[in-house]
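Residue numbers (the working numbering), protein chains in the order written: chain A, 267 to 379; chain B, 588 to 698.
Because the hints were derived from the structure by calculation, they are not lab data. Nothing here was measured: the structure is a model prediction, and the numbers come from that model. There are no misleading hints in this set.
Derived lysine-lysine pairs resembling DSS-like cross-links, with alpha carbons at most 25 Å apart:
hint : chain 1 : residue 1 : chain 2 : residue 2
1    : A       : 308       : B       : 613
2    : A       : 271       : A       : 337
3    : B       : 600       : A       : 308
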Amino acid sequence: QQQVKQSPQSLIVQKGGIPIINCAYENTAFDYFPWYQQFPGKGPALLIAIRPDVSEKKEGRFTISFNKSAKQFSLHIMDSQPGDSATYFCAARPPAGTYKYIFGTGTRLKVLA
Amino acid sequence: DAGVTQSPTHLIKTRGQQVTLRCSPKSGHDTVSWYQQALGQGPQFIFQYYEEEERQRGNFPDRFSGHQFPNYSSELNVNALLLGDSALYLCASSSYYNEQFFGPGTRLTVL
Numbered sequence: 267q268q269q270v271k272q273s274p275q276s277l278i279v280q281k282g283g284i285p286i287i288n289c290a291y292e293n294t295a296f297d298y299f300p301w302y303q304q305f306p307g308k309g310p311a312l313l314i315a316i317r318p319d320v321s322e323k324k325e326g327r328f329t330i331s332f333n334k335s336a337k338q339f340s341l342h343i344m345d346s347q348p349g350d351s352a353t354y355f356c357a358a359r360p361p362a363g364t365y366k367y368i369f370g371t372g373t374r375l376k377v378l379a
Numbered sequence: 588d589a590g591v592t593q594s595p596t597h598l599i600k601t602r603g604q605q606v607t608l609r610c611s612p613k614s615g616h617d618t619v620s621w622y623q624q625a626l627g628q629g630p631q632f633i634f635q636y637y638e639e640e641e642r643q644r645g646n647f648p649d650r651f652s653g654h655q656f657p658n659y660s661s662e663l664n665v666n667a668l669l670l671g672d673s674a675l676y677l678c679a680s681s682s683y684y685n686e687q688f689f690g691p692g693t694r695l696t697v698l
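So that you can see chain A by itself, here it is in the shape it has in the complex (with noise of 0.2 Å):
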């Protein structure tokens, strides 16, 4: 109950496409959803992030849709380049009195030039 499901493993998209990475949770007291990019040999960065009462969020190319009563979320990204080439990571916060977070497994994003 406590995972977070994330498809694909891996994506390869055209320069201008739009890369949509999904996630699935279980526990309906999650509170709090945020995507991760990773670039090799770094530390995960936060990119966007949502809470359940919103069912959509925009920031720049990157738009989070979140469907509450499926249980799940996606990211989008607009106008891909090749810099967006990274790992992407969705995660799920407890509730407030818990502080883990739980991590997807993680979607490898190549974008070709």
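With the hints as your guide, set chain B onto chain A.
Coordinates of chain B only, in the frame set by chain A:
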């Protein structure tokens, strides 16, 4: 602002040895969490420190221990190293229940 810093960058140890990893949180942050990231996997929560106390712990054995100092910096200690402890160890800092920021990690290799 230097952000979250970790040392050392890389470390090679042999089985049975002990290791200490260090983390300095982002300025203004008082909470430090440690994660283990195995190759090709997402980070796994080890524990979190706040006010020099371990506040919560993930599913890791007692060989993993930590400490937080009055200046909010933190150490992660791993005793009796196993081959399976080879991973990237990430430190993340935050303030109260706000967003956490990750450091670059320490790559530990156990031979």
